[in-house]
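Protein chains in written order, with the working numbering: chain A, 1 to 221; chain B, 1 to 298.
Derived from the structure by calculation, the hints contain no laboratory data.
Glycine is no exception: its CB is placed at the ideal position from the N, C-alpha and C atoms.
Where hints are given, some of them may not hold.
A short, non-exhaustive set of chain A residues, derived as facing chain B with CB atoms under 7 Å [what the hints assert, rightly or not]:
{"id": "1", "residue": "1"}
{"id": "2", "residue": "3"}
{"id": "3", "residue": "75"}
{"id": "4", "residue": "89"}
In silico SDA-like pairs for lysine to any residue, Cα to Cα no more than 25 Å straight-line [to be verified]:
{"id": "5", "chain 1": "A", "residue 1": "46", "chain 2": "B", "residue 2": "202"}
{"id": "6", "chain 1": "B", "residue 1": "295", "chain 2": "A", "residue 2": "132"}
{"id": "7", "chain 1": "A", "residue 1": "116", "chain 2": "B", "residue 2": "295"}
{"id": "8", "chain 1": "A", "residue 1": "46", "chain 2": "B", "residue 2": "201"}
{"id": "9", "chain 1": "A", "residue 1": "116", "chain 2": "B", "residue 2": "46"}
{"id": "10", "chain 1": "B", "residue 1": "295", "chain 2": "A", "residue 2": "91"}
{"id": "11", "chain 1": "A", "residue 1": "46", "chain 2": "B", "residue 2": "214"}
{"id": "12", "chain 1": "A", "residue 1": "116", "chain 2": "B", "residue 2": "7"}
{"id": "13", "chain 1": "A", "residue 1": "132", "chain 2": "B", "residue 2": "13"}
{"id": "14", "chain 1": "B", "residue 1": "295", "chain 2": "A", "residue 2": "108"}
{"id": "15", "chain 1": "A", "residue 1": "46", "chain 2": "B", "residue 2": "13"}
{"id": "16", "chain 1": "B", "residue 1": "69", "chain 2": "B", "residue 2": "46"}
{"id": "17", "chain 1": "B", "residue 1": "69", "chain 2": "B", "residue 2": "82"}
{"id": "18", "chain 1": "A", "residue 1": "132", "chain 2": "B", "residue 2": "203"}
{"id": "19", "chain 1": "A", "residue 1": "46", "chain 2": "B", "residue 2": "297"}
{"id": "20", "chain 1": "B", "residue 1": "171", "chain 2": "B", "residue 2": "46"}
{"id": "21", "chain 1": "A", "residue 1": "116", "chain 2": "B", "residue 2": "11"}
{"id": "22", "chain 1": "A", "residue 1": "116", "chain 2": "B", "residue 2": "6"}
{"id": "23", "chain 1": "B", "residue 1": "171", "chain 2": "B", "residue 2": "69"}
{"id": "24", "chain 1": "A", "residue 1": "116", "chain 2": "B", "residue 2": "68"}
{"id": "25", "chain 1": "B", "residue 1": "295", "chain 2": "A", "residue 2": "197"}
{"id": "26", "chain 1": "B", "residue 1": "295", "chain 2": "A", "residue 2": "71"}
{"id": "27", "chain 1": "A", "residue 1": "132", "chain 2": "B", "residue 2": "96"}
{"id": "28", "chain 1": "A", "residue 1": "46", "chain 2": "B", "residue 2": "2"}
Chain by chain, the residues:
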Amino acid sequence: MIVFDHVSLRYPGTEGGLRDASFSISQGELVVLSGHSGAGKSSLLKLIPAIERPSSGRVLVGDQDVGRLPRQAIAFLRRRIGLVLQESRLLLDRDIFDNVMLPLLITGHSATDAAKRANAALERVGLSGRGKEMPLALSGGEQQRAAIARAVVNRPSILLADEPTAHLDAAYARDIAALFQSFHAAGVTVILATHDADLFSDMQPRRMTLNQGQLNAQEPA
Amino acid sequence: MSWLGDHLLAAQRAARQLAGNLIGSLLTALVIGIALALPAGGLLLLDNAGRALGEASGRPEISIFMNEKAGRAASDEIARRLQADSRIASQRYVPRDEALKQLADSGLADVIEDLPDNPLPDAFVVTPRGEDPALFNELRETFSGWPEVAHVQLDSAWIERLHALLELGRKAVALLAALLASALVIVTFNTIRLQLLTQRAEIEVSRLLGATDRYIRRPFLWQGALQGMLGGLVAWALLGAMVDALAGPVSRLAASYGTVFTLQWPDAPQVVTMLGMVAALGLLGALLSVNRHLKTAG
Chain A
1 MIVFDHVSLR YPGTEGGLRD ASFSISQGEL VVLSGHSGAG KSSLLKLIPA IERPSSGRVL
61 VGDQDVGRLP RQAIAFLRRR IGLVLQESRL LLDRDIFDNV MLPLLITGHS ATDAAKRANA
121 ALERVGLSGR GKEMPLALSG GEQQRAAIAR AVVNRPSILL ADEPTAHLDA AYARDIAALF
181 QSFHAAGVTV ILATHDADLF SDMQPRRMTL NQGQLNAQEP A
Chain B
1 MSWLGDHLLA AQRAARQLAG NLIGSLLTAL VIGIALALPA GGLLLLDNAG RALGEASGRP
61 EISIFMNEKA GRAASDEIAR RLQADSRIAS QRYVPRDEAL KQLADSGLAD VIEDLPDNPL
121 PDAFVVTPRG EDPALFNELR ETFSGWPEVA HVQLDSAWIE RLHALLELGR KAVALLAALL
181 ASALVIVTFN TIRLQLLTQR AEIEVSRLLG ATDRYIRRPF LWQGALQGML GGLVAWALLG
241 AMVDALAGPV SRLAASYGTV FTLQWPDAPQ VVTMLGMVAA LGLLGALLSV NRHLKTAG
C-alpha cells in the first residue's frame, strides 16, 4: 500500500513540483500518471523511493514514512522498488548482463545465483543471449528492455517507470507496455508516468492526471 | 553473501580498478614509495648506527670499588648480592693484587715499585642488562648505598650522549614520517576523489538500486589500502637497493677500524609493520575521500 497524505514538493525558485496530493494505491494496482511536461509526474514518482523528500505531508510505503527514513533505511526501501527512468541509465562501461546483475550484487546474492536470475530477467524481457553486448550496441528499445530487466531482477513489489516509452517508435513502445502488463499480472504494483496514456488503456489501469503539480482527476480502473 | 564474501568481491573490484589504470597506479605507488622510503631509510640507518656504535664501543660497565678495610667476607657478600640481582647480566671480581698487576702490565711498573704498599682496593666490574641510562643510574644508587662500597664509577656518559643523539635522530625521522604520512593520506584522498568522479554514474545508479553507503565505500577503501601497500612494496624495494648500495662501503669502513659490520635489511616484522601502516594510511585517505563524496552527494 502506498499512501500520499497531503503531500507537497516544492523546488526552490521554480513552479514545478507537487501540491497537496492525497491518494492511496493498493498492492497489485496498475496506475498510469498522465499530464504535460512539468505537471509533476516525475516528482510524484521520485517521492516513493525517497529520491525526493516531501516539503510537507507524508508518503507511506507499507508502514514506512519515507520522508522520515534514515539514509540506511532508504537503501533497503529501494531494494523493494524497481525503477525504470526515462533514460535507461545503463552503465556504459559494462555489458548488459553485468548491468542486470548489479542490483543482485548490491543485495548480496552470490555470483552464481545472481547470474541465474539475471539470465531469467533478460529472457523475460526478450533479450536472451544478448547479455554480452554493450549497452550502446543495443537499440533504444532494447536498452529500455535491459533497464526493465535490471528493475525487476530483484523481484520488487513495486515497479515505477518514468516515461518508459519516450523516444521509442510505436512497435517498441507496445512491446514495453506489454512487459509492464505482464509484471502487473504477476501481482506487482506498477506506477507508470507517461505522455502516452492511451498506450496502456488496454490494461484498464487506474488513471491519475496531474496539472501544474495538482492531481486533477482520478479514474478508477 | 557473507561479510567476508562482500569484502572479497570489493577487493577484486579494487584490484581490477588498479590494474585497469596500470600506469597511473604505478606512478602513484612510486610517489608513495619514495615518500615512505625517506623515513623508513632514516629509521633503518639509525638502527644500524645504534648497533654499530654499540659494537664499536663495547658493552658499558659499572665499576664498584670496595672500602680499604673491607675484607674477603665483605667481597663475597657483595658478589652474592650482585649474582642475585636480575638487572645484572654479568659481574667480575678484581682483587686488589690483580688490579695492581694489571696497572704494572700497562707500563706503570716503575711507578708502582716506588710505592710503599698496594693503594688499590678490591673491585667488581658489573655489566647491566641493557643500555638504558636510567638503569645505570638506578644501579649506581643501589651500589652506593652498600656500606662496604667506597666508590661507584659509572661508565655511562657516552651512553647518554649516544642515546641523546639517537633519540634526536628518531624524533627527526618521526617528524619527517608524520609529514610524509600526511602527504600519503592526501595523495590517496585525491586519487580516490578522481576515481569517484570517474565512477559517479555507477555510484548514482547503485544508490537508486538500493546500495548502502557501506557497499559503495567498500571497494574504494580496498583500493586505498591496496594502493598504499603497493607503495609500501616500492619503498621496501628502494630500501633494499639502498642497503645493497651501502653494504660494501660500510663493511670496508668497519674493516679499517678493525671490526666486522654488515648493514642489516629490515626484518620480516618491520616490513609487515611498514606495509600495515601504509595500508592503514591509504585506507584513511580513501575513507575521508568517500565520506566527503557521499556527504556532498546527499
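Against the structure, the hints:
Interface restraint check: residue 1(A) against chain B, minimum CB-CB distance 20 Å, threshold 7 Å, status violated. Hint on residue 3(A) is violated. Least Cβ distance to chain B is approximately 21 Å, over the 7 Å limit. Against a cut-off of 7 Å between C-beta atoms, the interface hint on residue 75(A) holds, since the closest Cβ of chain B lies about 4 Å away. Below 7 Å, beta-carbon pairs count as interface contacts, and residue 89(A) has one with chain B at about 5 Å; its hint therefore holds.
A distance of roughly 19 Å separates the Cα atoms of residue 46(A) and residue 202(B); the hinted pair therefore holds under the 25 Å criterion. With a CA separation close to 35 Å, the supplied pair residue 295(B) and residue 132(A) exceeds the 25 Å bound. For a cut-off of 25 Å, the pair hint linking residue 116(A) to residue 295(B) is broken: about 35 Å separates their Cα positions. For the suggested pair residue 46(A) and residue 201(B), the alpha carbons sit about 18 Å apart, so the restraint of at most 25 Å is met.
Restraint check for residue 116(A) and residue 46(B): not satisfied, since their Cα atoms lie roughly 59 Å apart, outside the 25 Å limit. Pair hint residue 295(B) plus residue 91(A) holds up; C-alpha atoms about 23 Å apart against a cutoff of 25 Å. As the CA atoms of residue 46(A) and residue 214(B) are separated by approximately 23 Å, the hinted pair is consistent with the 25 Å bound. For the hint linking residue 116(A) to residue 7(B), the alpha-carbon distance of about 22 Å falls within 25 Å, and the restraint holds.
The suggested pairing of residue 132(A) with residue 13(B) holds, with an alpha-carbon distance near 19 Å, which does not exceed 25 Å. Between residue 295(B) and residue 108(A) the alpha-carbon distance is near 24 Å, which keeps this suggested pair within the 25 Å criterion. With a C-alpha separation of about 30 Å, the suggested pairing of residue 46(A) with residue 13(B) is violated against the 25 Å cut-off. With a C-alpha separation of about 47 Å, the suggested pairing of residue 69(B) with residue 46(B) is violated against the 25 Å cut-off.
Between residue 69(B) and residue 82(B) the CA atoms are separated by roughly 20 Å; this keeps the pair inside 25 Å, and the hint holds. In summary, the hint linking residue 132(A) to residue 203(B) is supported, as the alpha carbons are separated by about 22 Å, within the 25 Å threshold. The hinted pair formed by residue 46(A) and residue 297(B) meets the criterion: a straight-line CA distance of about 16 Å does not exceed 25 Å. As the CA atoms of residue 171(B) and residue 46(B) are separated by approximately 11 Å, the hinted pair is consistent with the 25 Å bound.
In summary, the hint linking residue 116(A) to residue 11(B) is supported, as the alpha carbons are separated by about 23 Å, within the 25 Å threshold. At most 25 Å may separate the alpha-carbon atoms for a hinted pair to count; residue 116(A) and residue 6(B) meet this at roughly 19 Å. With a C-alpha separation of about 49 Å, the suggested pairing of residue 171(B) with residue 69(B) is violated against the 25 Å cut-off. The hinted pair formed by residue 116(A) and residue 68(B) fails the criterion: a straight-line CA distance of about 96 Å is larger than 25 Å.
About 39 Å separates the Cα atoms of residue 295(B) and residue 197(A), which puts this hinted pair outside 25 Å; it is violated. As the CA atoms of residue 295(B) and residue 71(A) are separated by approximately 11 Å, the hinted pair is consistent with the 25 Å bound. At most 25 Å may separate the alpha-carbon atoms for a hinted pair to count; residue 132(A) and residue 96(B) exceed this at roughly 95 Å. Between residue 46(A) and residue 2(B) the CA atoms are separated by roughly 32 Å; this puts the pair beyond 25 Å, and the hint is violated.
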